[in-house]
Structure formats: C-alpha cells, structure tokens
Amino acid sequence: MRATQKADSAYLSSIARAARRGELNLKKTPRISFITIFLMIFTLFTFFSAKSEAAYYSTIVVTSSGFSVNGGTTQPLSSLNSYVGDPANSIGILSFGDAIVYPITVYADITGSLSVGSGTAITLASDAGTSGADVTVSGTITGNVAAGTGFVKVNSGGTISGNVTTTTGFVSVDSGGAINGKIGDAAMSGNVTIASSGIVNSSAGTPTITTTGAVNIYGGDVSNRKIYDASSVSLTSGTDLLSTGQYAIDSTRGNVKVEESNVTALMSAITGTGGNVTVTDSDLTVGIWPAPIWALSSIRQAT
Amino acid sequence: MGVIQYTSGNVNVSNSTLTNNNIGGIGILNTDGEVSINNSDVDALGLAISGTEGNVSVTGNSVISGNTGGIYDTDGYVEIGAGVEQLTAGQVPQFMTRKVRYW
Numbered sequence: 000m001r002a003t004q005k006a007d008s009a010y011l012s013s014i015a016r017a018a019r020r021g022e023l024n025l026k027k028t029p030r031i032s033f034i035t036i037f038l039m040i041f042t043l044f045t046f047f048s049a050k051s052e053a054a055y056y057s058t059i060v061v062t063s064s065g066f067s068v069n070g071g072t073t074q075p076l077s078s079l080n081s082y083v084g085d086p087a088n089s090i091g092i093l094s095f096g097d098a099i100v101y102p103i104t105v106y107a108d109i110t111g112s113l114s115v116g117s118g119t120a121i122t123l124a125s126d127a128g129t130s131g132a133d134v135t136v137s138g139t140i141t142g143n144v145a146a147g148t149g150f151v152k153v154n155s156g157g158t159i160s161g162n163v164t165t166t167t168g169f170v171s172v173d174s175g176g177a178i179n180g181k182i183g184d185a186a187m188s189g190n191v192t193i194a195s196s197g198i199v200n201s202s203a204g205t206p207t208i209t210t211t212g213a214v215n216i217y218g219g220d221v222s223n224r225k226i227y228d229a230s231s232v233s234l235t236s237g238t239d240l241l242s243t244g245q246y247a248i249d250s251t252r253g254n255v256k257v258e259e260s261n262v263t264a265l266m267s268a269i270t271g272t273g274g275n276v277t278v279t280d281s282d283l284t285v286g287i288w289p290a291p292i293w294a295l296s297s298i299r300q301a302t
Numbered sequence: 000m001g002v003i004q005y006t007s008g009n010v011n012v013s014n015s016t017l018t019n020n021n022i023g024g025i026g027i028l029n030t031d032g033e034v035s036i037n038n039s040d041v042d043a044l045g046l047a048i049s050g051t052e053g054n055v056s057v058t059g060n061s062v063i064s065g066n067t068g069g070i071y072d073t074d075g076y077v078e079i080g081a082g083v084e085q086l087t088a089g090q091v092p093q094f095m096t097r098k099v100r101y102w
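These protein sequences, in sequence, are chains A and E. Residue 268 in numbering that gives the first Met the number 0 is what sits at position 269 of the first sequence, and the numbering runs on without skipping anything. Residue 11 in numbering that gives the first Met the number 0 is what sits at position 12 of the second sequence, and the numbering runs on without skipping anything.
Hint data in this document are derived by calculation from the structure and do not stem from the laboratory. Any given hint could turn out to be false.
If you anchor each label on the Cβ, the simulated ranges turn out as follows [what the hints assert, rightly or not]: (1) E/74 <-> A/111: 53 to 61 Å; (2) A/81 <-> E/7: 53 to 61 Å; (3) A/188 <-> E/31: 24 to 32 Å; (4) A/167 <-> E/52: 34 to 42 Å; (5) A/155 <-> E/72: 43 to 51 Å; (6) A/253 <-> E/84: 29 to 37 Å; (7) E/31 <-> A/205: 28 to 36 Å; (8) E/7 <-> A/205: 24 to 32 Å; (9) E/22 <-> A/186: 37 to 45 Å; (10) E/60 <-> A/186: 41 to 49 Å; (11) E/60 <-> A/253: 28 to 36 Å.
Where chain A lies over chain E, by a calculated footprint (3+ residues, C-beta under 8 Å) [claimed, not checked]: (12) 0-9; (13) 12-24.
Every residue, glycine too, gets a C-beta built ideally from N, C-alpha and C.
Construct all of the structure, not just a fragment, from the sequences and the given hints.
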C-alpha cells in the first residue's frame with residue numbers, strides 16, 4: 000500500500016513539473032477550440048446577415064447594351080447578377096429587351112411584370128417567384144412560371160420551356176408561340192387560349208391543360224395528354240388535339256365544341272361532359288390511329 | 000369505351016367522322032340528352048351508339064357502322080333518315096330498341 004502511494008505521488012509530481020515547463024496543453028486546447036467555434040459562428044452570422052439584406056427595385060430595364068435600375072444610369076450587363084441573381088431581392092418590373100446575348104439567370108422575385116424580348120433567353124431559377132406578375136414572352140424562358148393572379152402571354156416566336164400555372168390569370172399562346180410543358184393545375188381557374196400554330200406539348204404522364212376556366216384552341220397543336228376539368232372547351236380551325244393518354248378532353252363542366260379539327264386518343268376522345276357536345280367537320284378517332292413519328296417518339300420516351 | 004361518352008347534355012355530330020378502333024369500342028356511349036347525327040360516319044368495332052336516354056336522330060348521308068350492332072339501349076325514339084346507310088357485321092341486329100321510326 001505504501002509503495003503504491005509513493006508511486007502515485009511521484010507520478011503526480013512529474014505531471015506538475017511538466018505542466019510548469021509548459022509541456023502539457025491541458026488549458027490551451029480548449030481555449031483554441033473555443034476561439035475556433037466563436038469565429039465560425041461569427042462568420043456564419045455575418046454571412047447570413049449579408050444574405051438576408053433583401054432589396055426591392057421598382058424597375059429594372061435590361062437592353063443588349065446594359066441595364067438601368069429605377070431609371071438610373073446604364074450599367075454593364077456584367078453587374079446585373081448582383082440585382083437579379085439574389086433570391087432575397089424582389090423586383091417590381093423586370094424588362095428584358097430584344098436580342099440580349101448574355102447568360103442571365105433570375106433568382107429574385109418579380110412582383111409586377113416580367114417581359115422577355117425577341118431573341119433574348121433567360122433562365123428562371125426555382126427561387127424566382129412570379130406570383131402576381133404579368134409575364135410576356137417573345138423570346139425564351141427556361142424554367143417554371145407560376146404567375147398566380149397575373150397572366151402569361153407567349154407571343155409569336157416566344158417559348159416557355161417549363162410548366163406554366165396561374166390561379167385566376169389567363170394563359171395565351173399566339174401563333175408560332177410554344178409552351179413546352181403543362182399548363183395549369185387543380186388550383187387554376189384562368190382561361191387558356193391557343194392561337195393558330197400555337198403549340199402546347201406537355202411531358203408524358205401529366206395532363207397538358209388543367210383549368211376550371213375556358214379552353215379555346217384556334218388551330219393550335221396540343222399533344223401528349225389531355226384537356227382536363229375545363230368549364231368549356233372549344234377546338235376550331237384545324238386544331239390537332241393528340242392525346243397519347245386514354246382521354247383527350249376529360250371532365251368538362253360545360254359544353255365541348257369541336258369544329259374543323261382532329262382529336263385522337265387511346266380510349267375516348269371526349270368523356271364526362273356536363274353540357275352539350277357539338278362536333279362539326281371534324282375527325283374523332285380512338286384506338287389505333289396513325290400516329291406521326293414525333294408522337295411515337297414521345298411514347299417511347301414515356302415508356 | 001366510346002369515342003364520345005358520358006355526356007349530360009346533347010350530342011350533335013355533323014359532317015364528321017367518329018372512329019373507334021378498339022375491340023368492342025363504341026361510337027357514342029351513355030348520353031343523357033339527345034343524339035343527332037347528320038352527314039357523318041360513326042364507325043366502331045363494337046356498337047355504333049349505345050345507352051342514350053333521349054332520342055337518336057340520324058339524317059343525311061350518314062353511315063352507322065358497328066361490328067357488333069347498330070343502335071342499342073336507347074330510351075327515346077330512334078329516327079333514321081332515308082339516305083342513311085346502316086352496316087353491321089354478320090346477322091347482328093341494327094337496333095335494340097322498341098321505338099324506331101324511318102323517315
């Protein structure tokens with residue numbers, strides 16, 4: 000017992016001597032860790048403080064030679080990203096002119112209107128909210144557009160490559176315009192109008208047009224799925240409604256009018272209509288139909 | 000399944016073609032109102048028209064062609080115009096209704 004106590008005493012004495020010589024880091028190690036953690040927290044706090052500084056700009060007008068903010072001086076396009084590229088920012092009116100050849104991705108919210116000129120292409124990031132904004136496209140938008148009460152208007156030559164939804168706002172596709180995505184969802188009540196040569200082509204597996212509003216197609220091409228839940232449907236003047244799904248026009252609350260148009264589907268061209276169905280100078284075909292090559296290609300992709 | 004099916008109101012078809020290439024498929028199925036066909040072809044591998052609660056009127060140079068029957072299960076009158084051609088495969092009956100009137 001005494002020998003053990005003596006050994007312990009000698010061991011403790013050696014530790015004390017080592018501590019006095021500074022050979023032990025018993026105190027330094029936790030001090031460094033504390034400083035490190037403090038610096039990390041400070042850095043993170045600074046970072047998030049900077050990111051959360053939301054800015055609002057009433058108007059940003061972009062041309063091929065530069066842009067101006069709230070009517071100010073023209074700035075180079077290389078500085079645009081600091082305004083439109085911050086998801087914390089919001090912009091009332093964001094206008095892109097024609098023929099802007101510069102990579103632009105919008106992360107900021109747009110609250111009033113968004114317009115994209117002919118020959119200009121922009122990308123809408125998923126952070127970019129457009130609820131309530133009127134969207135007019137003569138160029139190209141890549142990304143989903145959710146305009147809420149605002150409208151979405153695709154002019155001739157304009158393209159939206161993404162899904163388009165509104166709540167009460169209308170969606171229109173002019174002659175030569177295109178929406179490569181679906182239109183609407185269960186919350187949409189806005190009307191949909193597609194002019195001659197307008198194209199709407201949704202991805203397989205989703206209805207092409209879903210709205211409780213009226214759907215009027217004047218000679219446009221609607222392909223891949225169907226028109227669902229509309230208050231009324233009117234296809235006229237050479238419209239081709241090609242559904243690779245079971246139904247082409249499904250669950251219309253009011254009347255369906257098909258005039259000088261073609262409707263094809265696998266099982267039923269028009270099903271579940273609350274009002275009258277009027278078919279004039281048209282061909283309605285279900286089952287095996289002479290599918291064009293591009294439609295067969297889309298079916299293969301879906302399967 | 001019908002080319003046009005489950006309609007609460009009327010169905011009016013003129014100068015048009017309804018084709019059902021599915022086996023047993025029907026041209027016009029289950030209409031609550033009246034069905035009017037004028038100068039049109041209804042061509043189905045099953046019945047041409049079935050399950051109509053209102054009257055059915057076929058006029059002009061229309062062709063009603065159903066492989067398994069013509070116009071079946073109609074609650075109202077079926078009126079067939081003079082120029083209407085009716086085609087069915089084999090000996091299946093053209094009508095399965097008690098109220099047929101020829102114009």
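- Message: Assuming the hint says 24 to 32 Å, is it satisfied by the Cβ distance from residue 188 of chain A to residue 31 of chain E or not?
- Response: holds (26 Å)
- Are residue 7 of chain E and residue 205 of chain A spaced within 24 to 32 Å by their CB atoms? With a Cβ separation near 27 Å, residue 7 of chain E and residue 205 of chain A satisfy 24 to 32 Å, so the hint holds.
- Go check the stretch 0-9 of chain E versus chain A for me, would you? Three or more residues, Cβ under 8 Å, otherwise it fails. holds (count 10)
- Evaluate the given range 29 to 37 Å for the C-beta pair formed by residue 253 of chain A and residue 84 of chain E. holds (34 Å)
- Query: Can the suggested window of 28 to 36 Å be confirmed for the beta-carbon pair residue 60 of chain E and residue 253 of chain A?
  - Reply: Distance hint for residue 60 of chain E, residue 253 of chain A holds at roughly 31 Å.
- Message: Against the range 53 to 61 Å, how does the distance between the Cβ atoms of residue 74 of chain E and residue 111 of chain A compare: consistent or not?
- Response: holds (57 Å)
- Should the hint that residue 155 of chain A and residue 72 of chain E are 43 to 51 Å apart at their CB atoms be regarded as holding? With Cβ atoms ~49 Å apart, the hint holds.
- residue 167 of chain A versus residue 52 of chain E beta-carbon gap, inside 34 to 42 Å or not: holds (36 Å)
- Query: At the C-beta level, are residue 22 of chain E and residue 186 of chain A separated by a distance inside 37 to 45 Å?
  - Reply: For residue 186 of chain A against residue 22 of chain E, whose Cβ atoms are near 39 Å apart, the range 37 to 45 Å holds.
- Message: Given the hint of 41 to 49 Å, is the C-beta distance from residue 60 of chain E to residue 186 of chain A inside that range or not?
- Response: Hint holds: Cβ distance 47 Å, inside 41 to 49 Å.
- Task: Check the following: the C-beta atoms of residue 31 of chain E and residue 205 of chain A are separated by a distance inside 28 to 36 Å.
- Result: holds (30 Å)
- Task: Can you let me know if the beta-carbon spacing of residue 81 of chain A and residue 7 of chain E is within 53 to 61 Å?
- Result: At 57 Å between Cβs, range holds.
Against the hints set out earlier in the document, no violation occurs for any number.
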